[in-house]
Amino acid sequence: MQIIGLVPTVSRLTVLGLLLASCAPTAPPTPTSTAKELPAKAPATQAPVSKPAAPAPTPKPAGEQPRYGGVLTTAISGDPPSLDPHREESASAWAITGATYNGLLKPDPRGWPEFKPVANLATSWQLSPDGKTYTFNLVKGARFHDGSTLNAEDVSYSLERIRDPKLGLVRSPRRQQLANVVSIDTTGDSTVKITLGNRQAAFLTFLATAHFAVMPKRVVLEKKGDMTKTVVGSGPFKFKDYASGVGFLVVKNADYFVQGRPYLDGLKGYIIPDLFTKFAALRTKSLLWWSPSVPTMTVSQAKIVEETLSDKVAVEWAFQPSWYGAIFNVTRAPWNDVRVRQAVSLTFDRRKMMNTGTEGAGVVAMSAQPPGEWTLPEEEMMKAPGYAKPDIDAAKKLLAEAGFPTGFSEKALVRAVKPHQDVAVLTKDSVAAIGINLELGVVETAIFNDTRFRKAFSIIGGGAGLPLMDPDSELGDFYLSGSAKNWTGYSNPNYDELYVKQSQTLDTGERRKIVWEMQRILLRDVPIALAYWIKVPYAWWREVRGYTPPVGFDNAYVYEDIWLAR
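Per the numbering used here, the very first residue in the sequence shown carries number 46; after that it's consecutive.
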């Protein structure tokens, strides 16, 4: 019924008996395996480049019934900037809070790879004849973890908090996704009516992502809007504790409104920045679950698991709508000159970058939509400058025309997480061919996110993930004028008009034509030079049951249906 995901945790099995006895997380011990067990280079066999088939749920023997009890252990790579799900966009925040909150809707994992909204706090909903008003009927008996009853006013206030800066949330990456909302009204305690300015094909899919968590209005007001350290949701698990640099603990919500859920007693996660340490912890069963948050498991590591532990550990590959490349601040010189941005894009050997950055577990990117029904046709992309192969001569010519015949030096902002650092190094190497010298400034996630939000950077070597593949998400969040996630400062009135038009177009074929035209504009203007999209392996010990990998990292951290076959 719900997508179950991951959460950080690393500890020896002897610690498991103490997990729920102590509220504070303890430091993870050093795993017995070491990094030298890994091969020196990636194996010849790589993950397939074509889109994989839908991942299968954990197999359950015939007649086997879910069991109650047990603690799921997992790990994330670093501390979240905060614990406010309306404010943050880092998977490390969702790994801790994702299982503690509910939204009106949620994605159905069995609909993979399509993102299908299903009921959560809303048991049913109706759409008005003009396609602009949704009326949601709320579940009866849902309570927050502080014992208070969840009602329509909490739902309304939570959505208003995201879309209205006057309510005290200084920044919300999801504000753009509610920009079409005209009003949010309530009737009694159990009905919420949301009216849109225009019809919007993707509106329900937005509401079904993990970002639109429902908080208790009373608590938010008591905290004067500051929910960065306070977690009070209505989800299957209650927040218990979090220690910076160490880990966190969430425990079973015995009063959860979904009868019979959750099965687990709790979830314990540890913070493990080092990829090899995290991998060793999985292999020694200190982790039952490999979190999909970055850094993800590599192809080499997945191959080791498949060759040595396939009878004990399941590995499922899933495409993720996450891209990597170079992000330009187009409001600053020299990146305010489109020729300079085009020159950088022309230096990219995208297939080589993808093979190096992901060991082949990716898809070459240049079009701004993930592979699928909305991306530009491959035959058209093959003709786009720089897609099939780099063109250094053309790049040098553009740079010279822009006034930089011998290149220039710049400092790049880089998040201190392996995939981001990898693509930053690949970008640095690529642009060196035309005389651009990039100095890589690596900073931890909280500083990175704040600097990026304030647009206090020149160029970023890195990437971003999406909760879904709909054009309203990718093409709106990152490129629409004024969007909170439009870090580049890019603004094109023609593009903005097309965005509104495609968002209101319900016919898929007609909408696709508009979406293609928008991507052609981005290919010309290059506010972001995309290099590749990624695929990731999800891994868990086979005694973990009830999980299907989701679309989008952010939607992976619920665990409502997970149980342990012990």
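Please note: incorrect hints may appear among the correct ones.
[Claimed, not checked] Below, in silico cross-link-like pairs of lysine to any residue (SDA-like), each with a Cα-Cα straight-line distance of 25 Å or less: (1) 463 / 477; (2) 456 / 421; (3) 434 / 467; (4) 185 / 175; (5) 500 / 485; (6) 441 / 565; (7) 397 / 376; (8) 397 / 353; (9) 330 / 588.
[Stated by the list, open to error] Computed Cβ-Cβ distance ranges for the label pairs, DEER-style: (10) 173 / 562: 51 to 57 Å; (11) 470 / 425: 47 to 53 Å; (12) 470 / 611: 17 to 23 Å; (13) 566 / 498: 20 to 26 Å; (14) 487 / 175: 46 to 52 Å.
Honestly, the hints are just simulated from the structure, not real lab data. No residue lacks a Cβ here, since even glycine has one placed at the ideal position from N, Cα and C.
Hint check results:
For the hint linking residue 463 to residue 477, the alpha-carbon distance of about 21 Å falls within 25 Å, and the restraint holds. The hinted pair formed by residue 456 and residue 421 fails the criterion: a straight-line CA distance of about 32 Å is larger than 25 Å. With a C-alpha separation of about 20 Å, the suggested pairing of residue 434 with residue 467 holds against the 25 Å cut-off. The suggested pairing of residue 185 with residue 175 is violated, with an alpha-carbon distance near 29 Å, which exceeds 25 Å.
About 17 Å separates the Cα atoms of residue 500 and residue 485, which keeps this hinted pair within 25 Å; it holds. About 23 Å separates the Cα atoms of residue 441 and residue 565, which keeps this hinted pair within 25 Å; it holds. Note on residue 397 and residue 376: the hinted pairing is violated, with a Cα-Cα distance of about 30 Å set against a maximum of 25 Å. For the proposed pair residue 397 and residue 353, the alpha carbon gap of about 29 Å is over 25 Å, so the pair is violated.
Restraint check for residue 330 and residue 588: the C-alpha separation of about 11 Å stays at or below 25 Å, so the hint holds. The supplied range of 51 to 57 Å is broken by residue 173 and residue 562, whose beta-carbon atoms lie about 30 Å from each other. Evaluation of the 47 to 53 Å hint for residue 470 and residue 425 yields a failure: the beta carbon distance comes to about 30 Å. A hinted range of 17 to 23 Å for the beta carbons of residue 470 and residue 611 is inconsistent with their spacing of about 43 Å.
Under the hint 20 to 26 Å, the C-beta atoms of residue 566 and residue 498, about 25 Å apart, fit the expected range. About 51 Å separates the C-beta atoms of residue 487 and residue 175, a value consistent with the hinted range of 46 to 52 Å.
Checked against the numbered hints above, the structure breaks hints 2, 4, 7, 8, 10, 11 and 12 and satisfies the rest.
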